[in-house]
Every structure is written in C-alpha cells, then in structure tokens.
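**Student:** The lines below spell out each chain.
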Amino acid sequence: MSGSNGASALLEMRGVNTHYGAVHILKDVEFSIYPGELVCLLGGNASGKSTTLKTLLGMVTPTSGDVLLNGEIVTDESISYRVERGVTMVPENRRLFKRLSVKDNLELGAFLRSDRSAIDADLERIFEMFPRVKERLSQKAGTLSGGEQQMVAMGRALMADPKVLLMDEPSMGLAPALVQTNFELIKQIHSQGVAIFVVEQNANMALSIADRGWVLQTGRVVLDDTAEALLANPHLRASYLGET
Amino acid sequence: MSAAFVQEPSTEELPARRPLDQDWRKLLSYGLLLALVMVFVALTNMPVNLDRRMLIEPIFSMGYLSLFWLPAVFGLVVCREPVLAGMPSYAKGSREVLAGSLVGLIGGAGLSMLTFLLDNFNLREPLVNWSPQLLELLSFRQDTAFGIAIWLPIGLVLGTFGGLAHLFSATTRRVLSWAFVSVITFAVFETVILDLSEGFAWLGAEWVVDELYFIRGGLTMHGAAVLAVAGGLFAAFGRDRAHRAKESFQALEGTSRTRANAIGLLVVAAALVILPLFLGGITNELLANVGLFVLLALGLNIVVGLAGILDLGYVAFFAIGGYTAGILTTTNRGESWPDWMPQFYWGTALVFVVILAALAGLFIGAPVIRMRGDYLAIVTLGFGEIIRLLFLSDWLGGYTGAAQGVTNIGGVQVFGLATVKGTDPRAVFYLVLFFCAIAIYVSWRLERSRLGRAWMAIREDESVAEAMGINTVNAKLMAFVVGAVLASFSGAILAAKVGSVFPNSFIILVSIVILVVVIVGGMGNIAGVIVGSVVLIGILGGPRQPGLLQEFSEYKLLIYGVLLIWMMLKRPEGLVPNVRRTRELHQDEYLQDAWLRGEIDTDSEHTDDSHSNGNTGVLPA
Numbered sequence: 001m002s003g004s005n006g007a008s009a010l011l012e013m014r015g016v017n018t019h020y021g022a023v024h025i026l027k028d029v030e031f032s033i034y035p036g037e038l039v040c041l042l043g044g045n046a047s048g049k050s051t052t053l054k055t056l057l058g059m060v061t062p063t064s065g066d067v068l069l070n071g072e073i074v075t076d077e078s079i080s081y082r083v084e085r086g087v088t089m090v091p092e093n094r095r096l097f098k099r100l101s102v103k104d105n106l107e108l109g110a111f112l113r114s115d116r117s118a119i120d121a122d123l124e125r126i127f128e129m130f131p132r133v134k135e136r137l138s139q140k141a142g143t144l145s146g147g148e149q150q151m152v153a154m155g156r157a158l159m160a161d162p163k164v165l166l167m168d169e170p171s172m173g174l175a176p177a178l179v180q181t182n183f184e185l186i187k188q189i190h191s192q193g194v195a196i197f198v199v200e201q202n203a204n205m206a207l208s209i210a211d212r213g214w215v216l217q218t219g220r221v222v223l224d225d226t227a228e229a230l231l232a233n234p235h236l237r238a239s240y241l242g243e244t
Numbered sequence: 001m002s003a004a005f006v007q008e009p010s011t012e013e014l015p016a017r018r019p020l021d022q023d024w025r026k027l028l029s030y031g032l033l034l035a036l037v038m039v040f041v042a043l044t045n046m047p048v049n050l051d052r053r054m055l056i057e058p059i060f061s062m063g064y065l066s067l068f069w070l071p072a073v074f075g076l077v078v079c080r081e082p083v084l085a086g087m088p089s090y091a092k093g094s095r096e097v098l099a100g101s102l103v104g105l106i107g108g109a110g111l112s113m114l115t116f117l118l119d120n121f122n123l124r125e126p127l128v129n130w131s132p133q134l135l136e137l138l139s140f141r142q143d144t145a146f147g148i149a150i151w152l153p154i155g156l157v158l159g160t161f162g163g164l165a166h167l168f169s170a171t172t173r174r175v176l177s178w179a180f181v182s183v184i185t186f187a188v189f190e191t192v193i194l195d196l197s198e199g200f201a202w203l204g205a206e207w208v209v210d211e212l213y214f215i216r217g218g219l220t221m222h223g224a225a226v227l228a229v230a231g232g233l234f235a236a237f238g239r240d241r242a243h244r245a246k247e248s249f250q251a252l253e254g255t256s257r258t259r260a261n262a263i264g265l266l267v268v269a270a271a272l273v274i275l276p277l278f279l280g281g282i283t284n285e286l287l288a289n290v291g292l293f294v295l296l297a298l299g300l301n302i303v304v305g306l307a308g309i310l311d312l313g314y315v316a317f318f319a320i321g322g323y324t325a326g327i328l329t330t331t332n333r334g335e336s337w338p339d340w341m342p343q344f345y346w347g348t349a350l351v352f353v354v355i356l357a358a359l360a361g362l363f364i365g366a367p368v369i370r371m372r373g374d375y376l377a378i379v380t381l382g383f384g385e386i387i388r389l390l391f392l393s394d395w396l397g398g399y400t401g402a403a404q405g406v407t408n409i410g411g412v413q414v415f416g417l418a419t420v421k422g423t424d425p426r427a428v429f430y431l432v433l434f435f436c437a438i439a440i441y442v443s444w445r446l447e448r449s450r451l452g453r454a455w456m457a458i459r460e461d462e463s464v465a466e467a468m469g470i471n472t473v474n475a476k477l478m479a480f481v482v483g484a485v486l487a488s489f490s491g492a493i494l495a496a497k498v499g500s501v502f503p504n505s506f507i508i509l510v511s512i513v514i515l516v517v518v519i520v521g522g523m524g525n526i527a528g529v530i531v532g533s534v535v536l537i538g539i540l541g542g543p544r545q546p547g548l549l550q551e552f553s554e555y556k557l558l559i560y561g562v563l564l565i566w567m568m569l570k571r572p573e574g575l576v577p578n579v580r581r582t583r584e585l586h587q588d589e590y591l592q593d594a595w596l597r598g599e600i601d602t603d604s605e606h607t608d609d610s611h612s613n614g615n616t617g618v619l620p621a
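In the order they appear, the protein sequences are chains L and U.
Oh and the first sequence: position 7 is 7 in the numbering used here, straight run, nothing missing.
Oh and the second sequence: position 404 is 404 in the numbering used here, straight run, nothing missing.
Certain hints may be false.
To be verified - In silico DSBU-like pairs for lysine-lysine, Cα to Cα no more than 30 Å straight-line:
1. Lys98(L) - Lys570(U)
2. Lys98(L) - Lys134(L)
3. Lys246(U) - Lys103(L)
4. Lys98(L) - Lys163(L)
5. Lys26(U) - Lys570(U)
6. Lys134(L) - Lys103(L)
Hints in this document: simulated from the structure, not taken from any laboratory.
Computed from a predicted structure; not experimentally measured.
Whole structure, please, built from the sequences with the hints as guidance.
**Tutor:** Encoded structure:
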C-alpha cells in the first residue's frame, strides 16, 4: 500500500460477504480508501464490482463484515445517512433524470442539504468547472449530448458535497473519444480534493489515472497494488488488457 | 401531430405529382378501414339513437353527422405525410383530391353493402342493432335501392372534400373549419346555451336564442347560416388579433409574466364565482359533477403524474370518503353502530374523513409501495375492489348497510346559515369549487416543493433517486396519502350532495375514468387535468353521471377508449401540453429531424459545434 499511510481511512470494507439469496457474491472483501485518493476496482463481468459499490452506498446490506465511513461502522445505516456524511455515487450510464431540467438534476444532487448559500456556492463552482452546463440550465437533461450529460451527472454528484465519489463504470456505453474526456473530468474533480473510487472494466484507462487499484475475481480481491505495478503485472495484462 | 417539428413545405417551388402517381395499396387500406369504421359506427346504433337529436332542423341530425364526418376526415388524412427535412416533398394537387375521392368512395361502398345486406338478410341474432330502423336511416327513408345507390356519391363527395382541403390556403381552411365548428358547437351545446340564455334574459339573450333554435330542438336554417358566417368572419378577421394577443402574452417574461398569469387567474376565479348565479340548475349540477372529478383527478395526478405510481384502485379512497362522511352524518345509520354515537355535522365529520383516508392511504400504500410498475398497478387494482367488496359484505353490512348503502345523509351546514345539499346544485357547486381551490393550491405548492422534486426524481428513475439519498418509501407513501385525502374530500361532498352512498357508486370503472381524465388532460399538469375533467366528464359524462351530450351516454366508454388510443399515439402530452413537456415526448422526432438537417452531434463527435455556440471543447481551458 502506498500514498496515504498513517492517515485514517475514509471508506473501508472489513471482511464483507454479500449474498443475493443463496448466491454468494462478495467473499471477504477488504480494502480502504483514504482521503483525496483516486483508486480503482477492476474486474470482468459478474465479478461483483457493482455489488461492491451498492454495499458501500448501502443499497445492499452485507451478510457479514462491516462498512466503515470515517471510522464509524455504517453497515446498517440508510443510504441517506451515508450520503449526508460524504459518500455519493455517479451511477452507471449516467442515469440522469432525463425529463427534468439540468437545474433540477443538479438541485436533486443536493437533496439532503439545506444550507442554501453553500448549495448556491457549489452550483457556481460547478458552472466554473463546466461552463456548458450553465448554458443548458433550463434544458431537459435528456436533450443534452453525451458529453454534456456526463458533466451533469458528475455535477449532480458533486452537489452532494461528497468526500468520496463512487463511480460505476464511467466509460460504459461511451464512444472512445468521450471515454478520454470522461477520464479528464475525473482527474479534474480529483484535483479538487475529492477522493474517487472508480469501478471499471476498462483497466488500461482506469489504471492510467489511478493511484492504487484492486482486481476483483468472482467476488474475491485477487490483486491489490499500486497502479504502476498493476499495469506492469503480466497476469493482469494477459487477462484484462487482452495482451499475450 | 408534432407540428412544431415538421416543416411546412413552401408550395411555390415544389413539383406536383401526377394524379395517377398513387400509393394504391395505402389508398385501398384506408378505404377499407373507412368502410369498416363506418359499418361499425352504423352497427353500434349510434346513427339511429342520435337521429332524434336534430342539429339543423329539418335537414340534418346528429345521427347522420356520426357517419358523415368519417369520409371527410379519412379523405384528408390519406394524403397527409410527415415532411422531414431532407426528404423530397411535393406540392399538393389533383393527386390528393383523387386519393380522397377514392377513399370516400370505398367507404361509401361499405355502407351501400350494409344497406343491401340489411334488406336481404337477418343477422339480428349476433348483431342486436341489425334493425329495420337502421335500414330506414341508411336509405334516407326511401326505398332500399336508393339507399344502396346514394351512399356511393355521398362517400365520393365527402372524401373529395377531405382531399380538397389539402389545396385550400391556410386562411380558407381556417374560415371553413371555423364556420363548420361554430355551427356544430352551437347545435351540440343547445342545452347549456338555452340554460345560459335564461340567466341572461335581461340582455335580450332569449330573443337571440329563439331565432337560432327550433322549438323542438336543433338550429333553424337561418340560425345555422348566421352562425356559419359569424364563425367564418371571426376566423378571417378576429382570430389573428386573438392569436397576436396570445403570442404577446407568451412573450412576456419574469415579473410581468407572473403578473399577467395572476390577472388571468383572478379573471377565471371571478368568472367561476359569478357565472353560476346566472346559470340554471342543469348546468350547475353539471359543473358540480365536473368539480367532483376535478378533485379526484388532481389527487390522482399527484400519485400518477408527479410520483409516477400507477394506482388503478384510486376509487377506494373516494369510497372511504363517501362512506365515512355518510355514516357520520346520516340519521339512518346501520344497526351495528352503538346508540351513544352522535350524529355529526358534515364539517366535523370531515376531520374523521381526512384522518381515515390518510390512514387508508398508509395501510394500502405500505404493502404496495415496494412494488414497481405493472405489479403495483395490478395490486392497487385489487385493493380498489377489496374496499368496495368490504362495504358490500355481510361482515361490515351492519355498519355500511351492505347493498342498501347509507341513506338519509344530511347536507353540509355552513355556519348554521344554510344547508348545502343536492337540491341546490348551485350551492353544491360553490362547495366543490372551494375544495377544488384548496386542491389546486396544494398541488401547485407541492409541485414546487422539496417533496415534489423528490416525487419527480422517483418518477424518472427510482434507483438513482434512492442513491441521491431520497427516502423513496416515505416519499411514495406521502403521495399516496395526499392523493387519498383529496379523493376523500370528493367522496364526502358526493355523500352530502346525493344524500346516499351505495357500493356500486364506487366500481372499478370510476378508477379507470379518473385515470383516463388525467392521461387525456396531460399527466403532471394541473390545468390539463382540469380541462380533461371538463371535456370528458362535463361533455361526455362520468361513470354514473350524464354529461352535456346525454345522447352519447351509451357510447361514452367507446369514445373514451378511442380518445385514449388516439392521445397515446398522437398527443402523449395531453390536451393542454406545456411546451417543454411536448418537446420531451416528441424528442425522438425532434432529434431525427435535427439529425437529418445535420445539426446534431452524436456521442462520437462531441466536438461538433453546430449547436453549441462555438464552444467546441468539452473541457474549459
């Protein structure tokens, strides 16, 4: 492990097992994310990536093990409890509220906050980061182009004033040029001090921006290393980057 | 349909197609469809039933209207083509007229055939309306041969007229349609206009009405002529001005727009308060019925339109409101109630109504709310029936009167001044109006509230709403409860108005009609829901109330169905669309159109700048 040794973990999983009915999805998953880090979780189809995210956010309750947020056990707390304390998700495929305006989408990101002036300040911050979002404010989110939708999705998540952003497959369903842009956006947000946890199939892209990474295989963490080491790992190159 | 996105081709430069350059297969299928529809309408007995209702005395009855409008509309529609940018387009010409004629002719042939069959075979066994009266009507009270022969030219002429409509200039088309519509409107709404004229007798209205209408009903010939000319003149001269006024109103922004809206609202409110004073009993009764459905529809609009929960058992809350108010205010309560229970005033009873309805909303909502989509719809459908069956059952019969229902329900006491009950429809209307005003205010406030925003998020994407930290279960339960309370108001007023409640006032059809009102009016749109209630309940009639067109009562479900299908296909945004919502719903057409014009950027070409004001980069520098 590198980077933030010494500091206390922001978000942590301790020996988490998750079941869907009788199916054992996550098996003793353990990792921690430190403040300000950019980390990624890699894995193929059905390896348990999305379930990991859902468990972190509280959409799924683990059968055993604990989820810790700022050192506090939040395993049985609600989603809103965790969102209020700094965990936010950017869902797979953006999933904007397509028939609501861009403004409403952003405001919904701040649903649990009531500090109006801070919310407005965050809105301004997002407009600064994505000027095009400001131009489209009263437009329906569904009428935006793919790139703009991505910005709104990130803006919406940032409106919750998160300490850590969970991103579910940000490259999913995007054209190659947009994937590149998308990762630029992620780096940009990261540079503002938000910890980011990216779940990806696109290992090359994810590792190129991440500090550290884990590889999940059928619900088990099989690799845990720095991004450079993972990129250099011949086993990973063979199985995820399609190189022989 | 999506007129906003279809470009009107300018007729001058475009080439016309030759008359025989037809899409014959389409012609034939439209013709056969027309024939089928006309035969179907004839066999629903609509023409015979409506024949008694004269529109223009003595030549034209509503019965014939029910058949005649079809070839004209089909003749017009057959050559209607969406013109997308980039597609070759042609000027309209003789080709369109010929197409209309042929379609009309085939349709007319359908009725000729029916006339022939009616005369020679007896199919009364499966087809109950296979009657001599129908034959008489179809042959225009002449002999059968005349009937068989006459439908061909009738179809031909009407179809040709429909086709000709393509060639008219916009102004001509408008003048003709306004002339026609004003005659038909005045003829069809005779009852309400006569009722109105009594209230405005001091303005000399009665003299006008006596000139316009024939004594036994229907317009007089000269009355029709006057109306046609008036309608035409309005279309030619007055309409532009009205249109400009509307446009300048829509151009208003910010505070002046808000002020204009407020003034408009005040005018409407004042009219609603003052107008009933001049209206007779029939119209006030009708307005009160419409108001009851406005209340119901506003409530369901919150559940379906805002929160996106498809509740098919909404009548349950209407029933709970009606029964609670009824039982608490009746002098003739079921024998199982203890003797010491007092008879309440309606106002006091309303407190219990609200509490019970809210509880019912929670109890029905709690198990249902965890389901989504189709499952939820089916389960609510079941709950709607369960509530009615409970009221009807032997188990609760001692309390609810079972099939006999609750009778002798007292009216609404207004501060000891007056008692509002069904015998005074005007007072009932004011009562309903009061509650509608509350419901409109509540809906309007909720839509703009935090809770309203949560509902819309849930409607759009429930999982993501959850991930935003919205407590979806609570928000959906709240929608159920608010909807339930609004419906219970309507039920409580119904009980006081009618003086009795029966289980069969709360059949499943009520749920469905309210849903149709909400969909036809425009989901999630307060004004639309009100217009929907006025149009459907006021004009066609509700599940148990006749509307303005009492003659149509038998066919109102048929018309509801046709209307619903047509709306879903052509106007999913509802009768009163708001501009933005129209765009959302026609987005595919809009995007397709824009793509054909080469104005759209796709995901792979995010640097395309044609609609982004030159701001090409996704990222700021």
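**Student:** Holds or violated: Lys98(L) with Lys570(U), Cα cutoff 30 Å?
**Tutor:** 21 Å, holds
**Student:** Sort out whether Lys134(L) lies within 30 Å of Lys98(L), counting only the CA atoms.
**Tutor:** Distance of about 17 Å is within 30 Å: holds.
**Student:** Verify the proposed pairing of Lys246(U) with Lys103(L), using a straight-line Cα cut of 30 Å.
**Tutor:** 28 Å, holds
**Student:** Would you mind confirming whether the straight-line C-alpha gap from Lys134(L) to Lys103(L) stays at or under 30 Å?
**Tutor:** Answer holds: Lys134(L) to Lys103(L) is near 9 Å, not above 30 Å.
**Student:** Would you mind confirming whether the straight-line C-alpha gap from Lys26(U) to Lys570(U) stays at or under 30 Å?
**Tutor:** Status holds; Cα separation ~20 Å.
**Student:** Starting from Lys98(L), check that the Cα of Lys163(L) is at most 30 Å away, please.
**Tutor:** 26 Å, holds
Of the numbered hints given earlier, the model fails none.
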